[in-house]
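Modelling step: build the complete structure from the supplied sequences, incorporating the hints.
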Amino acid sequence: MTSSPPQSSVAQTGRWLGLPLAMGLVGAALCLNIAIGAKLVPLDVILTALTARDPANFSHTIIWDLRLPRALIAILVGASLSVAGALMQGVTRNPLAEPSILGLMAGASFAVVIGLGLLGLADNASIPLMAAGGALGAAGLVYLISRWVPGGATPLTLTLSGAVVTAFLGALTSVAFLLRENAFDSYRVWLSGSLAGRDMSLLLTAGPLLVIALVLSIGLARQITALAMGEAVAQALGVRTFWLKAQLLVCVVALTAGSVALAGPLGFVGLVIPHAVRLFTGADYRWIVPYAAVVGAGYLLLVDATARVLFRPAEISTGIVTALIGAPIFIYLIWRRVR
Amino acid sequence: MKRLLFALAIALLAIAPAIAQQTRTITDLAGRSVEIPAKPLRIVSLHDLSITIPLIELGVFPVGSHGRTTEGGAPFIRSSAVLTGVDFDNSDIKFVGNNPADIEAISALQPDLILTTDWQGTPVDQLEKIAPTVVIRDGASLFETYDLLADITGTQDRMGFLKARYDGQIAQIKRLIDTAGITTSIIQGNDGTFYVEHTYGTLGQVLRDAGFKFPAIVDAIPEGGELYVPAEQLPELDADFVFATYRTDTLETPATATERLNAVVPDFCQYLTACQHNQLIIIPREEASSNSFYALGAISYMIIATISGRDFVPFQAK
Numbered sequence: 004m005t006s007s008p009p010q011s012s013v014a015q016t017g018r019w020l021g022l023p024l025a026m027g028l029v030g031a032a033l034c035l036n037i038a039i040g041a042k043l044v045p046l047d048v049i050l051t052a053l054t055a056r057d058p059a060n061f062s063h064t065i066i067w068d069l070r071l072p073r074a075l076i077a078i079l080v081g082a083s084l085s086v087a088g089a090l091m092q093g094v095t096r097n098p099l100a101e102p103s104i105l106g107l108m109a110g111a112s113f114a115v116v117i118g119l120g121l122l123g124l125a126d127n128a129s130i131p132l133m134a135a136g137g138a139l140g141a142a143g144l145v146y147l148i149s150r151w152v153p154g155g156a157t158p159l160t161l162t163l164s165g166a167v168v169t170a171f172l173g174a175l176t177s178v179a180f181l182l183r184e185n186a187f188d189s190y191r192v193w194l195s196g197s198l199a200g201r202d203m204s205l206l207l208t209a210g211p212l213l214v215i216a217l218v219l220s221i222g223l224a225r226q227i228t229a230l231a232m233g234e235a236v237a238q239a240l241g242v243r244t245f246w247l248k249a250q251l252l253v254c255v256v257a258l259t260a261g262s263v264a265l266a267g268p269l270g271f272v273g274l275v276i277p278h279a280v281r282l283f284t285g286a287d288y289r290w291i292v293p294y295a296a297v298v299g300a301g302y303l304l305l306v307d308a309t310a311r312v313l314f315r316p317a318e319i320s321t322g323i324v325t326a327l328i329g330a331p332i333f334i335y336l337i338w339r340r341v342r
Numbered sequence: 003m004k005r006l007l008f009a010l011a012i013a014l015l016a017i018a019p020a021i022a023q024q025t026r027t028i029t030d031l032a033g034r035s036v037e038i039p040a041k042p043l044r045i046v047s048l049h050d051l052s053i054t055i056p057l058i059e060l061g062v063f064p065v066g067s068h069g070r071t072t073e074g075g076a077p078f079i080r081s082s083a084v085l086t087g088v089d090f091d092n093s094d095i096k097f098v099g100n101n102p103a104d105i106e107a108i109s110a111l112q113p114d115l116i117l118t119t120d121w122q123g124t125p126v127d128q129l130e131k132i133a134p135t136v137v138i139r140d141g142a143s144l145f146e147t148y149d150l151l152a153d154i155t156g157t158q159d160r161m162g163f164l165k166a167r168y169d170g171q172i173a174q175i176k177r178l179i180d181t182a183g184i185t186t187s188i189i190q191g192n193d194g195t196f197y198v199e200h201t202y203g204t205l206g207q208v209l210r211d212a213g214f215k216f217p218a219i220v221d222a223i224p225e226g227g228e229l230y231v232p233a234e235q236l237p238e239l240d241a242d243f244v245f246a247t248y249r250t251d252t253l254e255t256p257a258t259a260t261e262r263l264n265a266v267v268p269d270f271c272q273y274l275t276a277c278q279h280n281q282l283i284i285i286p287r288e289e290a291s292s293n294s295f296y297a298l299g300a301i302s303y304m305i306i307a308t309i310s311g312r313d314f315v316p317f318q319a320k
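Each protein sequence line maps, in turn, to chains A and B. Here the numbering used here is used: the first residue of the first sequence is 4, the next is one more, and so on. Here the numbering used here is used: the first residue of the second sequence is 3, the next is one more, and so on.
Please keep in mind that the hints were generated in silico from the structure rather than gathered at the bench. Be aware that a few hints might be false.
Partial chain A-side listing against chain B, Cβ under 7 angstroms, derived [claimed, not checked]: (1) R18; (2) D68; (3) V192; (4) A199; (5) E318.
Simulated restraints, written as ranges between beta carbons of each label pair [claimed, not checked]: (6) B:A83 - A:G154: 50 to 60 angstroms; (7) B:A83 - A:T309: 39 to 49 angstroms; (8) B:Q278 - A:V214: 34 to 44 angstroms; (9) B:N101 - A:L50: 22 to 32 angstroms; (10) B:S93 - A:D57: 53 to 63 angstroms; (11) B:P256 - A:P58: 45 to 55 angstroms.
Quick look at which bits of chain B chain A covers, simulated, 3 or more residues with Cβ under 8 angstroms [as the list claims (entries may be wrong)]: (12) 233 to 246; (13) 268 to 275.
Please read these numbers as outputs of a predicted model, since none were measured by experiment. Don't be surprised by glycine CBs; every beta carbon is placed ideally from N, CA and C.
Here is the structure:
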């Protein structure tokens, strides 16, 4: 009988301890997100607002109706996109995989724009469904294109197919904008990926979808580790790979669709966070997935706070900041692979 | 006599091209020197609100204009139906696209002058290959635009009458209202923020020319500039009278304006003194934000009707 190496045991303990610590940091990021904004709200007023809200006090309204719902969306969307990215990287064994790069986000956005602007499907229940349909369609298209090209579905062909589908759907969205300028005018900011002024009632439909998908993803994490080692290895370990992939596809589509419905397309979150998390957790998806959820939530809280104060009093779309951070990391990852 | 007339006709024919091609150099509102025809006859406008409507008010009908399209795809000159009565369907003005405008449609009209703005996506260097192109800077004031257009089209007399009428309207407001003692603000709900401009179209122009005061956050915007004010700063936009607008060309109503404001801050009205005391005035955006002397007159009358001779609760900054 052999005992585990002490180093591994230390790492394991570190991961267990790290998770509550990361959650604590997310709590701190939440406090920061609520505490800062365009208007300076003193700490004592924030505490009073949280404990004894006065509806006539505008500072209390800022905390309850503007900052808290926005922070809640940041937590949900940050966690969801990060987990979606981690799942996609595990399944495709492609370090560049994430919802925006593989075209899912463009598919979800395109479907929502067409559904709202052309078909007039404006009720909140249908928005996540439209986004899910679009994400699923785009995922299928990307997969088919990458399978069809010589060499099959390699990380490179998947990434290129994702870029092609994103560009194609972006062009179709532009055509729709040109044809019906007035109908689409109100979606311009949403399409840049923004947490400002989101319809909070959407949380009632998209929120539960995201929570369920997150829980299911964490439940499937153990099997992803096996799948990430290769299909043959996973099958040898008793994993029903086809069934697992189908479940993961549902999770990724739901996580992307709910996020797009809530905040528009926020690029690169699903790329940056899983890679950052792996530096601490290693390649074990039992840890990558929950850590991605927690760190992703904290990341988007901080990014959103930055977007609000960077050019004060004006604020920029959160999606612009995620892209500014994510694009260099994307380039770095490509450079590392090529090298 | 016949010989004399024949010689005269020949002489006229000989100098006609010279007359047609007589040019002069102007400085446009982007600071560019442009050689333009002395009397342009075939003008294409590449912005409906900023250029086409002022041209029509000056009595000059362009041969082609930028425009918008309805949901059914029919082109229209934005706001022109209510401001001038002239549109594509009741005039000879041809639709040349939206943004970017259709370069081939412009070329087909054989213009001798193109007027564009830096908002328009069709590159100026391409337009210049068709005809001399004058650029009107995005954010140029109404009077800067009119002065330049009147100069280009030789309609300074008409411009003089329009300006005199407007001066009379402003004098009327000043006579009836103590404008220096009243603050005003113009807000528009826009995707989680409040959209404000230093001078919001004709409404802002009349309010500033009449001497009304604006909140510090609005005065801090550079002239011709705009700002998306975060929802949290709503109280900084409060004033004695607050104006909001809605689009009539898309069949919006005053309720649409308040819905948009509520979407930015739920129950926004209870945090604005003006709104609490029924001093929130909601008007159509066509008259409020266009480049039009007709709109200046309509806005002047609206201000007299809604503010003069009435009691109001003054806003007091906290």
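Each hint tested on the structure:
no.: 1; hint: R18; result: violated, 38 angstroms
no.: 2; hint: D68; result: holds, 5 angstroms
no.: 3; hint: V192; result: holds, 4 angstroms
no.: 4; hint: A199; result: holds, 3 angstroms
no.: 5; hint: E318; result: holds, 5 angstroms
no.: 6; hint: B:A83 - A:G154: 50 to 60 angstroms; result: holds, 58 angstroms
no.: 7; hint: B:A83 - A:T309: 39 to 49 angstroms; result: holds, 45 angstroms
no.: 8; hint: B:Q278 - A:V214: 34 to 44 angstroms; result: holds, 39 angstroms
no.: 9; hint: B:N101 - A:L50: 22 to 32 angstroms; result: violated, 49 angstroms
no.: 10; hint: B:S93 - A:D57: 53 to 63 angstroms; result: holds, 58 angstroms
no.: 11; hint: B:P256 - A:P58: 45 to 55 angstroms; result: violated, 25 angstroms
no.: 12; hint: 233 to 246; result: holds (count 5)
no.: 13; hint: 268 to 275; result: holds (count 4)
Violated hints for the displayed structure, listed by number in ascending order: 1, 9, 11.
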